[in-house]
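Start from the sequences, fold in the hints, and give me the full structure.
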Amino acid sequence: MGSSRFPMEVTAVGLLKHGRQKTCMLSVCWSDQTQVLIYRTLEEFRTLHKGLKRKFPIESGLLKKADRTLPRFRGKREGWAHSGEAMWSRQSLPS
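Mapping the sequence shown onto full-length UniProt numbering, position 48 (from 1) lands on 48, and the numbers just tick up by one.
If you are wondering where the hints come from, they were derived from the structure by calculation, not from laboratory data.
Some hints could be false.
As the list claims (entries may be wrong) - Mimicking SDA-like on lysine to any residue, the simulated pairs with C-alpha atoms at most 20 Å apart in a straight line are:
| hint | residue 1 | residue 2 |
| --- | --- | --- |
| 1 | Lys-50 | Asp-32 |
| 2 | Lys-50 | Arg-74 |
| 3 | Lys-17 | Thr-41 |
| 4 | Lys-53 | Pro-71 |
| 5 | Lys-22 | Arg-40 |
| 6 | Lys-50 | Lys-64 |
| 7 | Lys-55 | Arg-68 |
| 8 | Lys-22 | Thr-11 |
| 9 | Lys-50 | Lys-17 |
| 10 | Lys-53 | Thr-41 |
| 11 | Lys-53 | Arg-74 |
| 12 | Lys-65 | Gly-51 |
| 13 | Lys-55 | Lys-65 |
| 14 | Lys-55 | Phe-45 |
| 15 | Lys-17 | Ser-27 |
| 16 | Lys-50 | Ser-31 |
| 17 | Lys-53 | Thr-69 |
| 18 | Lys-50 | Phe-73 |
| 19 | Lys-55 | Phe-6 |
| 20 | Lys-53 | Leu-37 |
| 21 | Lys-53 | Arg-68 |
| 22 | Lys-55 | Glu-44 |
| 23 | Lys-22 | Lys-50 |
| 24 | Lys-64 | Leu-52 |
| 25 | Lys-53 | Leu-70 |
| 26 | Lys-22 | Arg-46 |
| 27 | Lys-53 | Lys-64 |
| 28 | Lys-17 | Tyr-39 |
| 29 | Lys-55 | Asp-67 |
| 30 | Lys-22 | Ala-12 |
| 31 | Lys-53 | Val-10 |
| 32 | Lys-22 | Tyr-39 |
| 33 | Lys-53 | Lys-17 |
| 34 | Lys-65 | Leu-52 |
| 35 | Lys-22 | Phe-6 |
| 36 | Lys-17 | Leu-37 |
| 37 | Lys-50 | Thr-23 |
| 38 | Lys-55 | Phe-73 |
| 39 | Lys-17 | Arg-40 |
Pasting the structure below:
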């Protein structure tokens, strides 16, 4: 039931554009040294990020900004969709 596998590192690999929809490609390196490439839309990442912030308020920096471990989501409001840069440059997850 409980898996001992957990993500070690997540790297933004690329951005695909299908008409108006943008799809992000992320490479996830797991604790068992396997690597998985995932494709998600920007809206799916935004929804995931909002959910993580609700479930983990301390890690999102709600009480103290110094306690923030969740990376900030850089979406359209900050120009990510037009500039072509990655949402998160290279994010190592805490162990």
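The hints, checked one at a time:
About 28 Å separates the Cα atoms of Lys-50 and Asp-32, which puts this hinted pair outside 20 Å; it is violated. At most 20 Å may separate the alpha-carbon atoms for a hinted pair to count; Lys-50 and Arg-74 meet this at roughly 12 Å. Distance hint between Lys-17 and Thr-41 is fulfilled; the C-alpha atoms sit about 10 Å from each other, no more than 20 Å. About 10 Å separates the Cα atoms of Lys-53 and Pro-71, which keeps this hinted pair within 20 Å; it holds.
For the hint pairing Lys-22 with Arg-40, the CA-to-CA distance comes to about 9 Å; that is within 20 Å, so the pair holds. For the hint pairing Lys-50 with Lys-64, the CA-to-CA distance comes to about 18 Å; that is within 20 Å, so the pair holds. Distance check on the hinted pair: Lys-55 and Arg-68 sit about 13 Å apart at the alpha-carbon level, within 20 Å; holds. The straight-line distance between the Cα atoms of Lys-22 and Thr-11 is roughly 17 Å, inside the 20 Å bound, and the hint therefore holds.
Between the alpha carbons of Lys-50 and Lys-17 the distance comes to roughly 23 Å, so the proposed pair goes past 20 Å and is violated. Between Lys-53 and Thr-41 the alpha-carbon distance is near 19 Å, which keeps this suggested pair within the 20 Å criterion. For the proposed pair Lys-53 and Arg-74, the alpha carbon gap of about 14 Å is at most 20 Å, so the pair holds. Under the criterion of a C-alpha separation no larger than 20 Å, the hint pairing Lys-65 with Gly-51 is consistent with the structure, at around 18 Å.
Taking the CA atoms of Lys-55 and Lys-65, the gap is about 17 Å. The hint holds against a cut of 20 Å. Between Lys-55 and Phe-45 the CA atoms are separated by roughly 15 Å; this keeps the pair inside 20 Å, and the hint holds. With a C-alpha separation of about 18 Å, the suggested pairing of Lys-17 with Ser-27 holds against the 20 Å cut-off. As the CA atoms of Lys-50 and Ser-31 are separated by approximately 25 Å, the hinted pair breaks the 20 Å bound.
Pair hint Lys-53 plus Thr-69 holds up; C-alpha atoms about 11 Å apart against a cutoff of 20 Å. Proximity of Lys-50 to Phe-73 is assessed by CA-CA distance (about 9 Å); at most 20 Å being required, the pair is judged to hold. At most 20 Å may separate the alpha-carbon atoms for a hinted pair to count; Lys-55 and Phe-6 meet this at roughly 18 Å. Restraint check for Lys-53 and Leu-37: not satisfied, since their Cα atoms lie roughly 24 Å apart, outside the 20 Å limit.
Distance check on the hinted pair: Lys-53 and Arg-68 sit about 10 Å apart at the alpha-carbon level, within 20 Å; holds. Note on Lys-55 and Glu-44: the hinted pairing holds, with a Cα-Cα distance of about 17 Å set against a maximum of 20 Å. For a cut-off of 20 Å, the pair hint linking Lys-22 to Lys-50 stands: about 19 Å separates their Cα positions. For the proposed pair Lys-64 and Leu-52, the alpha carbon gap of about 17 Å is at most 20 Å, so the pair holds.
Under the criterion of a C-alpha separation no larger than 20 Å, the hint pairing Lys-53 with Leu-70 is consistent with the structure, at around 8 Å. Among the hinted pairs, Lys-22 with Arg-46 is consistent with the structure: their alpha-carbon atoms are about 12 Å apart, no more than 20 Å. Restraint check: the Cα-Cα separation between Lys-53 and Lys-64 comes to about 14 Å, which is no more than 20 Å; the hinted pair holds. Distance check on the hinted pair: Lys-17 and Tyr-39 sit about 12 Å apart at the alpha-carbon level, within 20 Å; holds.
Using a Cα cut-off of 20 Å, the hinted pair Lys-55 and Asp-67 holds, with the two alpha carbons roughly 15 Å apart. Straight-line distance between C-alpha atoms of Lys-22 and Ala-12 comes to about 14 Å, which keeps the hinted pair within the 20 Å bound. This hinted pair checks out: Lys-53 and Val-10 have alpha carbons roughly 18 Å apart, not beyond 20 Å. At most 20 Å may separate the alpha-carbon atoms for a hinted pair to count; Lys-22 and Tyr-39 meet this at roughly 10 Å.
For a cut-off of 20 Å, the pair hint linking Lys-53 to Lys-17 is broken: about 27 Å separates their Cα positions. Simply put, Lys-65 and Leu-52 have alpha-carbon atoms about 16 Å apart, close enough for the 20 Å limit, and the pair holds. About 27 Å separates the Cα atoms of Lys-22 and Phe-6, which puts this hinted pair outside 20 Å; it is violated. For the hint pairing Lys-17 with Leu-37, the CA-to-CA distance comes to about 17 Å; that is within 20 Å, so the pair holds.
Proximity of Lys-50 to Thr-23 is assessed by CA-CA distance (about 18 Å); at most 20 Å being required, the pair is judged to hold. With a C-alpha separation of about 16 Å, the suggested pairing of Lys-55 with Phe-73 holds against the 20 Å cut-off. With a C-alpha separation of about 12 Å, the suggested pairing of Lys-17 with Arg-40 holds against the 20 Å cut-off.
Figure legend: structure checked against the earlier numbered hints; hints not met, in rising order: 1, 9, 16, 20, 33 and 35.
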